Amino acid sequence: MLEHLAPAAAAIFTPEVIAYILLGVLLGYVVGALPGMNRTTAIALAIPFTFTMHPAAALSFLIGINKGGAAGSAVSAILLNVPGEPSSVVTTYDGYPMTLAGRAQKALKTALYASVAGDLFATFVLILLAQPIARFAIGLGPIELASILVFSITFIAAVSGESFLKAMIAGILGLLLSAPGIDVETGLPRLTFGLLELYDGIPLLAVAIGTLALSEILVQVDKGWRGGHHYPSPPDDSAEAADRALSGAEARALAPSVLRGSLVGTGIGLLPGLGATLASFLAYTWVRTSSKSPERFGKGAPEGVAASESADNATVPAALIPVFAIGVPGSLSTALLMGAFMMHGLTPGPFLFRESGEVVFSIYLGMLLASAALLLVGLFGQKIFSMVIRVRESVILPVIVFLCVVGAYMEGGGMFGVYLMLGFGFVGYFMKKFDYSFVTFVVGYVLGPMAELSIRQSIILSNSNPAVLIDHPIALLFLALAVFSIWRFAIAGVRSMQMEGESAIQSQKT
Amino acid sequence: MNRADLVGGAGLTAAGLLLIFVIIPLGTEEGMYFGLAPTFFPTLLASCLTLAATALTLQAWLRLKKERGRRPGPIERWNVMMFGLAAALALGGVMMIDVFGMLIGGPVLIAAFMLFLGERHPVRILVTSVLPVLVVYVLALHVLGAPVP
Chain A
1 MLEHLAPAAA AIFTPEVIAY ILLGVLLGYV VGALPGMNRT TAIALAIPFT
51 FTMHPAAALS FLIGINKGGA AGSAVSAILL NVPGEPSSVV TTYDGYPMTL
101 AGRAQKALKT ALYASVAGDL FATFVLILLA QPIARFAIGL GPIELASILV
151 FSITFIAAVS GESFLKAMIA GILGLLLSAP GIDVETGLPR LTFGLLELYD
201 GIPLLAVAIG TLALSEILVQ VDKGWRGGHH YPSPPDDSAE AADRALSGAE
251 ARALAPSVLR GSLVGTGIGL LPGLGATLAS FLAYTWVRTS SKSPERFGKG
301 APEGVAASES ADNATVPAAL IPVFAIGVPG SLSTALLMGA FMMHGLTPGP
351 FLFRESGEVV FSIYLGMLLA SAALLLVGLF GQKIFSMVIR VRESVILPVI
401 VFLCVVGAYM EGGGMFGVYL MLGFGFVGYF MKKFDYSFVT FVVGYVLGPM
451 AELSIRQSII LSNSNPAVLI DHPIALLFLA LAVFSIWRFA IAGVRSMQME
501 GESAIQSQKT
Chain B
1 MNRADLVGGA GLTAAGLLLI FVIIPLGTEE GMYFGLAPTF FPTLLASCLT
51 LAATALTLQA WLRLKKERGR RPGPIERWNV MMFGLAAALA LGGVMMIDVF
101 GMLIGGPVLI AAFMLFLGER HPVRILVTSV LPVLVVYVLA LHVLGAPVP
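Residue numbers (my numbering), protein chains in the order written: chain A, 1 to 510; chain B, 1 to 149.
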């Protein structure tokens, strides 16, 4: 481990890379602060601009956007009562009442310090855990890997969206999208229909930018945000010094809430599909129920802000643990980051540490630098972010549409990639409208090649005999968990159907 | 949503069957190979898609039978109209970029979207449509050395 440290530090501690990390955090912060925009959109749009960067710089820049986005979403939640992202909904519970009470600066500082603390905590957990897990994962064969992938997709489908079936369908469609191109085993072209552009498969950025960014713009347009947003202006913040600053005693009092939030965020971030929103809700509930004065919550308790923001930010590095260790993303942003890893010639998974140890440690250092940048950007940029959230959608959305076009072009597919991106944008709009989970769709697409290879190898190794699973207890465990997810959520679907039917009959009677 | 799920499920079932029996066999080149056929994985996925879509169709149909009265769907006529206009604008803008390049097509795309979103301030439209295009052009070509349309 230590032998990689010196070259990793040499790669990261250069003015150029530090500038990229700062820029990434700043960009993420701005996007996170803007209501309706999200960090996955920013990552998808930023990936093409990283092609010429050093892999460690590129990935640190993208992770910086992710971290900045998680922290920045608190700004509009606190100042406008409009969360920048769903994961900051909980921050509005106490953040906005603090703003109304003239303590906006204190709320923003609480959110910032909690975000940085949660982020740092989870980054250290990532550094400590990823390599040991990867060492263990090296021993896993294709049968185990195939069952882990099956479990990941079914579990993400089970916890995302209202309908398990629709989420599963989206995941299968994502996997199917990875099929066109040269077949990995036989070398024969498959589903290319004579188009040379499809020989390398469907470009990741056309899928990601289309389904995540362009479709989101179409949804925003559809919501009727015409002629600018209708959010209230932040109340005048003319509070006294004591209400603006966060004293040492106050910071110490918040420490247990931050620790609880960091623990919950790290735990939830590790698991596929659960996401930051659930983490911030759970952390908030835990801190409120363990408080001696729970009645203060919802009326401007800084502990509530600290818990939700530390949990939200802790999920970002924690979600990278399965990516680094076994090569399985559990969320949209990690799926995109995994795509970015592959575009830079790195293969996430157990062999990453062996084959690209130096780059991994450069990324670790880059992540720690991004945490420091988060603090700096948050402290010195708050006035700017308060202004940024007032920019009209009629200015932001058209520029993003243009960036979608440029981004899809830059991946190398030329205008073919741009037209594909448009197509995925239109499909993504309907997926969002009809609640087909685009999380499972994108994760399925990214995992497709690995899933195909491991499933094919498993079938060949086992001679198509399922009885060999008895000799693979880890594979059996994950398959059992996958079956449990399907059973649990299929039953939930049937129950909700029964309840809907009963309530319909009841309303008919009355 | 149940009506939309019924239509969506039926459409996806048909798409799954089309994939299994027409698209995958036609879209895969024949050749010598050992082990599993190149059509194996997509056919497996298309079969799973057909099964899941059939289950969704059945579920939606059963729910519709129990449901009394029509509930509003997730998409109204106004949504379709707005989507159609935005999609047409995006497609038109991309075609402009394709034909005339980014430096001409880019500002047109941005300005058209701004007007569509209700922006009427001429200076704001001019600055927003020209500045980002120039920044991206300089950044991509002269800093990153990346291709632009």
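Rather than coming from a laboratory, the hints here were simulated on the basis of the structure. Misleading hints may appear alongside valid ones.
[Claimed, not checked] Under the rule of at most 25 Å between Cα atoms (straight-line distance), these lysine-lysine pairs were calculated in the DSS-like manner:
hint: 1; chain 1: A; residue 1: Lys432; chain 2: A; residue 2: Lys223
hint: 2; chain 1: B; residue 1: Lys66; chain 2: A; residue 2: Lys223
hint: 3; chain 1: B; residue 1: Lys66; chain 2: A; residue 2: Lys433
hint: 4; chain 1: A; residue 1: Lys433; chain 2: A; residue 2: Lys223
[Claimed, not checked] Quick look at which bits of chain A chain B covers, simulated, 3 or more residues with Cβ under 8 Å:
hint: 5; segment: 371–378
hint: 6; segment: 390–403
Bear in mind the structure is a predicted one, so any value in this text is a computation, not a measurement. We put the beta carbon where it would ideally sit given N, CA and C, even for glycine.
Here's how the hints hold up against the structure:
1. Taking the CA atoms of A:Lys432 and A:Lys223, the gap is near 13 Å; set against the 25 Å cutoff, the hint holds.
2. For the suggested pair B:Lys66 and A:Lys223, the alpha carbons sit about 31 Å apart, so the restraint of at most 25 Å is broken.
3. Restraint check for B:Lys66 and A:Lys433: satisfied, since their Cα atoms lie roughly 23 Å apart, inside the 25 Å limit.
4. Distance hint between A:Lys433 and A:Lys223 is fulfilled; the C-alpha atoms sit about 11 Å from each other, no more than 25 Å.
5. Taking a C-beta to C-beta cut-off of 8 Å, the segment 371–378 of chain A contributes 0 residues in contact with chain B, too few for the three needed, and the coverage statement is violated.
6. Counting residues of the segment 390–403 of chain A whose beta carbon lies closer than 8 Å to any beta carbon of chain B gives 10, which meets the minimum of three for the stated coverage.
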